[in-house]
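Colleague: First to last, the protein sequences are chains Y and G.
Residues 193 to 424 (the numbering used here) make up the first sequence, in order.
Residues 116 to 467 (the numbering used here) make up the second sequence, in order.
These are computed hints drawn from the structure, not numbers from a lab.
Using N, Cα and C, we set each Cβ at its ideal position, and we do this for glycine too.
Some clues are possibly wrong.
Quick list of in silico lysine-lysine cross-link-like pairs, DSSO-like style, CA-CA up to 30 Å [said to hold, decoys possible]:
| hint | chain 1 | residue 1 | chain 2 | residue 2 |
| --- | --- | --- | --- | --- |
| 1 | Y | Lys405 | Y | Lys197 |
| 2 | G | Lys130 | Y | Lys405 |
| 3 | G | Lys178 | Y | Lys395 |
Residues on chain G that point at chain Y, a partial pick, calculated with CB under 7 Å [stated by the list, open to error]:
| hint | residue |
| --- | --- |
| 4 | Leu245 |
| 5 | Ile248 |
| 6 | Ser249 |
| 7 | Phe250 |
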Amino acid sequence: MSQVKTLFKEGMWVNNPALVQLLGLCPLLAVTSTITNALGLGIATLLVLVGSNITVSLVRNWVPKDIRIPVFVMIIAAFVTIIQLLMNAYTFGLYQSLGIFIPLIVTNCAIIGRAEAFASKNNALLSAWDGVMMGLGFAIVLVVLGTMRELIGQGTLFDGADLLLGPWAANLRIEIFEFDSQFLVAILPPGAFLGMGLLIAAKNVIDAQIKAKSAPSTESEKAPRARVTSLT
Amino acid sequence: MKLTMASSPHNHNHKNVSKLMLTVAACCIPGIIVQCYFFGFGVIVQLLIALVTASLSEACMLKIRNRPIWPTLSDGSAWLTAVLLAISIPPLAPWWIIVIGTLFAIAMVKQLYGGLGFNLFNPAMAAYVLLLISFPVQMTSWTMPSELIAQPIGLIDTLSLIFLEANTAKQSLISAMVTVDGTTMATPLDTVKTAVSQNLTVTEAMSGKQFDELAGIGWAWVNIAYLVGGIFLLKAKVINWHIPLAMLGSLALCAAIGFIIAPGSQAGSVFHLLSGATMLGAFFIATDPVSASTTNHGRLIYGACIGLLVYLIRSFGGYPDAVAFAVLIMNMTVPLIDHYTQPRTYGHGATK
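If we strip away everything but chain Y, and leave its shape as in the complex, we get (with noise of 0.2 Å):
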């Protein structure tokens, strides 16, 4: 059971798969223009990383240790393939707009590293709770990074969401501002890396405080002292 906490906390805060790790950058700074790609590329990575931390966890055994990381690709690849046959039948809209990041989820290095550093050293069911857990991690952050730049480059919200959810989420899009010119750095390469790390920043912070507050320091603070002579 505090296995399962743990596996709780690690995918969505103290080894955050986006922002500890910095894992699988390529597809969260390309993708996350609007919130409707970052939440269909999320879900995507999500499926696929349950997937393959429960195949590789299965076959954990039968594997020979010198071509684990060939055989964890030929895994991954299966299930992105599955993944994109599945979006290019069921959000073709969202195919097309999110086009090469798709099949580049094979190459997404926080799924292999999930499956190299925990799928293939415990079991099926454990995997699948890391796998739920570092993916939803992973997409939370793609999520506010989406908001973020969507907000602050198109003044909208969910722009598009038809793509992903079907004819009715057209009515979810919001305009929050309405810009005469939009704000062009926020959607374009810059503004991700930008956002990306005011989000660490962020994060940084929050840890800061919370180890402030955890561990209130009793003793008063001594002035450093250099030891200049040896003891021996």
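Place chain G on chain Y using the hints.
Modeller: Same frame as chain Y, but now just chain G:
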């Protein structure tokens, strides 16, 4: 009586940060006056907006960071950033352009990295690039030189164009541009670039009405004014000769080589030296003591590479002017340049 002996060296050059910054800002004055003459009062209005925004954002950031506000603010570095940004953007750009730019320069590029002395990039140029890629339309509509406008833009119209984005006749800057007696037009660099991409020769492009023999009307004088200001800076020993000379030399050399190889599609050295932000960049921007190289050999390499990049981006890149991009790219290489150009310590490592 207390006798204190500080460690050597004991002589002092009587320079402090705020004096240096004020000298640099003062040396911009000839350029600003010429800009006012050719492009109207807009630049003064932009300067004021930028100074106010810079002071406020610097004060807020210092407050958040628990730093003393007045001692840091009064070193003048934020004001210099504001001045440099305000004179680089089009004089009639809407007010929020300069506000966003100054905010970004001070809050993100300077204070988030730790304030003066810790910023990797030149704040004014990082903000300029942010504005250029975000608002290409507003950032490339320069006012026409006053000699070419039948009716110069008055003070009221200037203010109204900047703050309300429309002149007193309710025309926006863009719609005023497309009408016959337009008030804005592409810069000379932009004009030449567009013409060359349409298979015209540079000579044909420069037969337009906004050119005289050497470069664009107005622009040549603006550059000469910044050259004068820059020579004052050199005289006052605020900057070293290495960066400006290396930058201008390499830009002139590259342009001359390009002109010899392809005189039809490449503008000559004089045009490059007297267009866009060349002189402002060489003397006021590339020489920023924080983000530029700090060794003498390094400064020569740094300046020469900026000149080369300015030429390459102007001639083959997507944007008409390149000083900001070149300076930012070279800012990134400064640690490497400094590492490999460290001067020999006196008394150590001499070759026999």
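Colleague: Of all the hints numbered above, which does this structure not satisfy? Sort the numbers upward.
Modeller: 2
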